[in-house]
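Since chain S is already given, all that's left is putting chain W on it; use the hints.
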Amino acid sequence: MLDKKAQIGETMTWVVATIIIIVILVIAIVVVSSSPFKGGKKIESKNTKTDLLVTKSFLGYLLRKDSSGARVFEQLKDKKTYLDDPVNGGELEKSNIDLAKKIFPVLYKEEYSERFFLGINSEWCGWDKYNQTSSGACDRSRPFEGIDRKSLTTSYVRISYDRIKLKDRGNKDDNTILELILNKPTKIS
Amino acid sequence: MNKFTDKKGTDKILSVYWFAILFIVAGGIVYMTFIFYGEPYDVREIEASILTNQIADCLSQGGKLVEEWDKLDNDNFLEKCHLTFNVEDTKAWKDDQYYVNIDFQKFDTGDSAREPITNGNINLKQFCDQEGKNLPVCVERSFYTLDEENSQYVIKILSVVRKTEKNAR
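Chains as they are written, first to last, in the working numbering: chain S, 1 to 189; chain W, 1001 to 1169.
Treat the hints as calculated values from the structure; they're not laboratory data. All values derive from a computational prediction rather than experimental measurement. By construction, the Cβ of each residue, glycine as well, lies at the ideal position given by its N, Cα and C atoms. There's no promise every hint is true.
[Stated by the list, open to error] Computed footprint of chain S on chain W, listed as stretches where at least three residues anywhere in the stretch have a Cβ under 8 Å from a Cβ of chain S:
(1) 1025–1039
(2) 1054–1066
(3) 1074–1085
[Claimed, not checked] Have a look at the derived ranges for each label pair, beta carbon to beta carbon:
(4) W:K1094 <-> S:V15: 54 to 62 Å
(5) S:E93 <-> W:D1070: 52 to 60 Å
(6) W:D1070 <-> S:S68: 33 to 41 Å
(7) W:D1147 <-> S:K184: 25 to 33 Å
(8) S:V15 <-> W:F1036: 52 to 60 Å
(9) S:V26 <-> W:E1079: 53 to 61 Å
(10) S:W14 <-> W:E1088: 47 to 55 Å
(11) S:K65 <-> W:E1079: 32 to 40 Å
(12) W:E1140 <-> S:R163: 32 to 40 Å
(13) W:E1088 <-> S:A70: 50 to 58 Å
(14) W:D1057 <-> S:I22: 51 to 59 Å
(15) W:D1147 <-> S:E74: 13 to 21 Å
(16) W:Q1126 <-> S:E93: 43 to 51 Å
(17) W:N1134 <-> S:E74: 33 to 41 Å
[Stated by the list, open to error] If you want the ones that stay clear, here's a sample from chain W, every Cβ over 10 Å from chain S, calculated:
(18) D1089
(19) D1129
(20) E1165
Chain S with its partners taken away, still in its complex shape (with noise of 0.2 Å):
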């Protein structure tokens, strides 16, 4: 009769654990049943950095002829940067702009914003392609049409044609690079 303490302690304990367990099991159940777990997985198709269509986009662009029979990749090549020509370089004809305004920001304007980059990069001038800085030098650099470089988000496509031999470049054109690079919308959190 005098044992009955630690017998009746002993049975107390696992039915309060019961207890403890069963309300932590249906806690997790309900937070796996919740709408974070269910509802499906998707799995998205814009984590890259290319977009085939776009891609053919630009190169029908660049494969264009315009009223005098020249094709909108020789006309860039035959233009100065604006690295190598501060006042006049950096220029392309309005017609060829326009054109690129009418195709990229319109085609592409639910997955891309309006805002996008159509010029040369030099990597001579200290452009560091990985980690998206620049040198001094690079900081005087202009696109032909679009946004500032530096400015482009984390986030972007980018369709690069290198070794483009610029007229007047000499040994200068191992490193120059064509770019379009679209931005993607920056997202809101």
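For chain W alone, coordinates are given in the frame of chain S:
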């Protein structure tokens, strides 16, 4: 003998109780795992994007439309572009899980340059404007291209993938 000091009977009761708790906890964990991993991954958007890219590759090479782009029609399109809309024999599917529609527009005017190409289950197109669960996924994208005469076109490709039984619940 004092019955109350004999703990053998008490241990046996507690052992059964312990296994009961074990099964309750195990059952709960299995149920939670089933709920979470039982949800399918929805890859239809990627699938529709891949289909769009394949069609674009078929129509345009090197920035220009392929030579026989104007000879493609609803009957020979799948064969010429090496595509198939056949699906596995499951969920009562009858090769009706895909739909594509290709519009050829003149870039300057927006007018149609030729007859659009359509293929697949046309009934899927009506779901593109709807929102909700368990609906087909639609992907519509465009690209700019030229033909050999330097004429400019915009090609609009609409790809629809159904397969709701395997991708959505």
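Outcome of the hint check:
1. 1025–1039: Contact hint for the region 1025–1039 of chain W vs chain S: holds, 7 residues under 8 Å.
2. 1054–1066: Holds: 6 residues of the region 1054–1066 of chain W have a Cβ under 8 Å from chain S.
3. 1074–1085: violated (count 0)
4. W:K1094 <-> S:V15: 54 to 62 Å: holds (58 Å)
5. S:E93 <-> W:D1070: 52 to 60 Å: Violated, at about 31 Å.
6. W:D1070 <-> S:S68: 33 to 41 Å: violated (28 Å)
7. W:D1147 <-> S:K184: 25 to 33 Å: Hint holds: Cβ distance 31 Å, inside 25 to 33 Å.
8. S:V15 <-> W:F1036: 52 to 60 Å: Taking Cβ atoms as reference, V15 of chain S and F1036 of chain W lie about 31 Å apart, which means the hint is violated.
9. S:V26 <-> W:E1079: 53 to 61 Å: Since V26 of chain S and E1079 of chain W have Cβ atoms about 58 Å apart, the given range 53 to 61 Å holds.
10. S:W14 <-> W:E1088: 47 to 55 Å: holds (52 Å)
11. S:K65 <-> W:E1079: 32 to 40 Å: holds (33 Å)
12. W:E1140 <-> S:R163: 32 to 40 Å: holds (36 Å)
13. W:E1088 <-> S:A70: 50 to 58 Å: holds (53 Å)
14. W:D1057 <-> S:I22: 51 to 59 Å: holds (58 Å)
15. W:D1147 <-> S:E74: 13 to 21 Å: Holds, since D1147 of chain W and E74 of chain S (Cβ atoms, about 19 Å apart) stay within the stated range.
16. W:Q1126 <-> S:E93: 43 to 51 Å: Distance hint for Q1126 of chain W, E93 of chain S holds at roughly 45 Å.
17. W:N1134 <-> S:E74: 33 to 41 Å: violated (52 Å)
18. D1089: With a cut-off of 10 Å, D1089 of chain W remains clear of chain S, as the shortest Cβ separation is near 24 Å.
19. D1129: For D1129 of chain W, whose nearest Cβ neighbour in chain S is about 15 Å away, the distance exceeds 10 Å, so it holds.
20. E1165: holds (12 Å)
Of the numbered hints stated above, those contradicted by the structure are hints 3, 5, 6, 8, 17, listed in ascending order.
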